[in-house]
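> As you go down the protein sequences, you meet chains G and B in turn.
Counted from 1, the first sequence has number 227 at position 227 by my numbering; the numbering is strictly sequential.
Counted from 1, the second sequence has number 532 at position 124 by my numbering; the numbering is strictly sequential.
None of these hints come from the bench; they were simulated from the model.
Backbone N, C-alpha and C fix where the C-beta goes; we use that ideal spot for every residue, glycine too.
Facing chain B, from chain G, some residues (calculated, C-beta under 10 Å):
#1 57
#2 58
#3 59
#4 61
#5 97
#6 127
#7 315
#8 321
#9 323
#10 329
#11 341
#12 343
#13 353
#14 399
There are 2 protein chains.
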Amino acid sequence: MADLETTGVRATTGAVGVTAARGFRAAGVHCGIRRSRLDLALLVSEGPASAAAVFTTNTVQAAPIHVCREHLAASGRVARAVTVNAGNANACTGPEGLAAARRTAVETARVLGVRAEEVLVASTGVIGVPLPVDRLVAALPEAAGKLSPEGGAAVSEAILTTDTRAKIARRDVATPQGSYVIGGMAKGSGMIHPSMATTLAFVTTDADVAPDVLDGCLRRTVEKSFHRVSVDGDTSTNDMVAVLAGGASGVAIEGTELAAFETALGDVLTDLAKEVARDGEGATRLIEIDVRGAVTDEDALTIARTIAGSLLVKTALHGADANWGRIVAAAGRSGAPIAPEKMTVSLGGIEVLGPGFRSAFSEDAVRERLERDEVPVVVDLGAGSGRAVVWTCDLSADYVRINASYRS
Amino acid sequence: MADLETTGVRATTGAVGVTAARGFRAAGVHCGIRRSRLDLALLVSEGPASAAAVFTTNTVQAAPIHVCREHLAASGRVARAVTVNAGNANACTGPEGLAAARRTAVETARVLGVRAEEVLVASTGVIGVPLPVDRLVAALPEAAGKLSPEGGAAVSEAILTTDTRAKIARRDVATPQGSYVIGGMAKGSGMIHPSMATTLAFVTTDADVAPDVLDGCLRRTVEKSFHRVSVDGDTSTNDMVAVLAGGASGVAIEGTELAAFETALGDVLTDLAKEVARDGEGATRLIEIDVRGAVTDEDALTIARTIAGSLLVKTALHGADANWGRIVAAAGRSGAPIAPEKMTVSLGGIEVLGPGFRSAFSEDAVRERLERDEVPVVVDLGAGSGRAVVWTCDLSADYVRINASYRS
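When you get a sec, could you build the whole thing from the sequences and use the hints?
This is the structure we're talking about:
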């Protein structure tokens with residue numbers, strides 16, 4: 001299943017994740033917002049880095065989102081550091097919350113000796129509870145003291161909430177000027193849905209990229225990665241994806257180098273987005289919904305998202321039940337035009353529905369495929385050449401258990 | 409909680425449900441599609457009845473939906489009988505499925521001595537499996553033999569699938585011409601969502617209503633009842649709500665009587681719709697989402713539906729957790745304009761969020777309210793006079809268990 005290849009993900013030692021690229025140091029420490037796990041992440045660029053970010057489309061936006069927008073505008077899209085806390089979203093916290101987010105940036109800048117508008121801040125956790133900013137600020141010197149080019153693994157742990165594992169990705173690109181690296185980390189779990197940005201993700205590169213070029217590349221690649229992932233249909237107040245380009249490799253991204261950079265950035269973001277889907281709350285498997293043969297790509301995307309969002313489809317796949325009727329029914333209510341009698345559906349590489357509602361397959365063979373860690377679902381509408389791929393996970397009773405008991 | 413009043417629902421003896429109105433007989437029998445439960449329902453009007461129906465908006469429409477449309481057009485919206493089977497949806501079954509649905513109508517007509525186009529047919533159950541129409545047809549004489557004006561309880565059992573109980577409702581209306589009755593039955597459980605019609609529901613009345621008038625009343629009242637219920641966001645291939653008006657009371661619905669009729673029909677449909685939400689697969693409680701203070705009613709409806717559809721809200725309410733942050737976040741991603749700092753949220757009658765993100769309440773007191781069978785959630789946006797009410801249920805681990813194991 002080449003489409004679900006995950007090379008470069010899950011390396012856990014050495015210069016990985018956001019410290020894979022030269023010129024970045026990071027640290028993860030415990031500041032006391034969460035009981036015992038790492039909950040404060042600090043990422044620092046040696047020099048001024050071009051910065052770009054996309055934010056949640058939720059009308060309710062957490063305080064750090066407002067601060068990031070202000071700082072990117074004030075700095076002309078240049079950043080030196082990112083401070084992230086887990087365990088508290090600092091959302092729906094009013095003017096005090098905004099002050100706490102600003103203070104986080106100001107104190108980070110003071111400890112590092114940079115300007116406040118060069119600091120991005122992010123939070124994840126429970127909504128509506130005041131951020132214990134004193135604890136966070138008190139731990140910043142410790143975090144700064146632990147900054148290391150080997151800190152990529154620890155920092156990727158410090159941004160997690162109900163995630164069961166850290167999520168990192170990396171791509172190396174060789175050019176006539178030399179080679180550069182793009183590395184990243186993400187957190188996900190609940191509240192994942194494509195309306196941007198669906199999660200927290202931070203990517204660094206030692207390529208030399210102008211802020212406007214970086215911004216364009218990020219927006220286009222997020223569209224095909226994090227905007228194609230759905231866990232439960234909810235979109236958070238805090239989501240953001242940010243990328244910092246420090247330039248330490250000396251490779252300038254312009255002209256003919258642009259395409260390779262955008263491809264590699266897209267690969268890193270897609271790896272991270274798929275890891276987010278795979279680690280959805282309570283998930284036991286990654287599901288790839290590949291809709292082909294639609295009239296347009298947009299129709300294919302509408303249908304793929306509706307199938308990926310169907311609780312009945314996600315529970316059937318959790319039960320390894322080849323219930324193609326639920327997939328056809330989800331496509332039918334998507335709003336995009338379909339001719340049901342032309343549809344074909346294959347699960348795990350086995351056709352379970354042919355044209356004209358012809359269905360003959362080995363239940364045991366399909367069940368074995370559906371019980372694997374990665375399940376490709378291919379729906380062909382037989383109408384045109386429109387295509388879209390989205391990723392989701394199965395829906396388990398554990399999803400309910402996690403979310404019925406955890407105020408997040 | 410007057411809004412959640414359920415007078416008239418769940419009576420289980422005598423002339424109830426679709427046989428509460430004079431002039432209707434019904435029977436429920438076992439024809440062998442399901443293992444042992446009643447699975448064939450027959451409803452008959454003594455004379456020609458005005459008939460109106462609304463159908464699923466899913467592009468994939470089951471064979472009986474096609475047959476009903478044809479028959480209502482051919483008969484000029486007059487019906488004598490309705491035949492319903494449970495255990496098989498007769499959807500995605502191709503030309504053979506359409507022939508099976510037509511044969512069901514033809515054989516029902518033959519047994520009853522009426523015309524085929526005066527018979528409506530409906531199916532519910534697994535998609536994509538050929539309807540065992542021979543068994544169904546073989547049981548029609550038995551069903552006809554059991555027809556009774558006391559058959560309302562049995563027939564309401566015979567249309568169920570994963571429902572845990574029958575759903576019936578009734579209203580009596582007194583007029584200067586005499587009194588008339590509106591009674592109905594419904595089935596629901598999974599695949600419930602407002603895009604019409606979200607379930608099967610059948611309503612009868614002994615009022616005398618012209619077909620066009622009945623059609624208008626049904627469309628308007630469905631909009632405020634079944635279109636305001638959501639269990640899991642899926643819309644079935646088979647959904648329909650049908651109403652038959654036989655006229656045995658002699659009360660003509662025209663002029664000043666129209667408003668009272670429409671109100672009573674709306675009440676019956678709302679009772680049934682709320683029973684469907686209450687009995688959602690795995691549900692432990694009925695949740696009423698009442699959004700007020702929106703700029704327009706349409707905005708209020710958009711927000712109420714997004715909250716009702718949020719898995720994070722539904723799991724929190726399952727856990728009796730006063731997690732207002734998830735409600736605010738759902739409102740924020742609805743697409744309708746909101747000013748989050750103006751929002752208030754009350755759960756079970758207790759305010760948990762005041763303006764300006766002020767939140768101070770007794771967790772124990774709210775938990776006690778959230779553990780009740782019916783939970784009103786009131787969200788006030790503080791922006792205008794737009795309002796909408798929708799009903800849903802909590803999301804439990806049992807929902808997953810039911811849907812991961814049952815091919816429906």
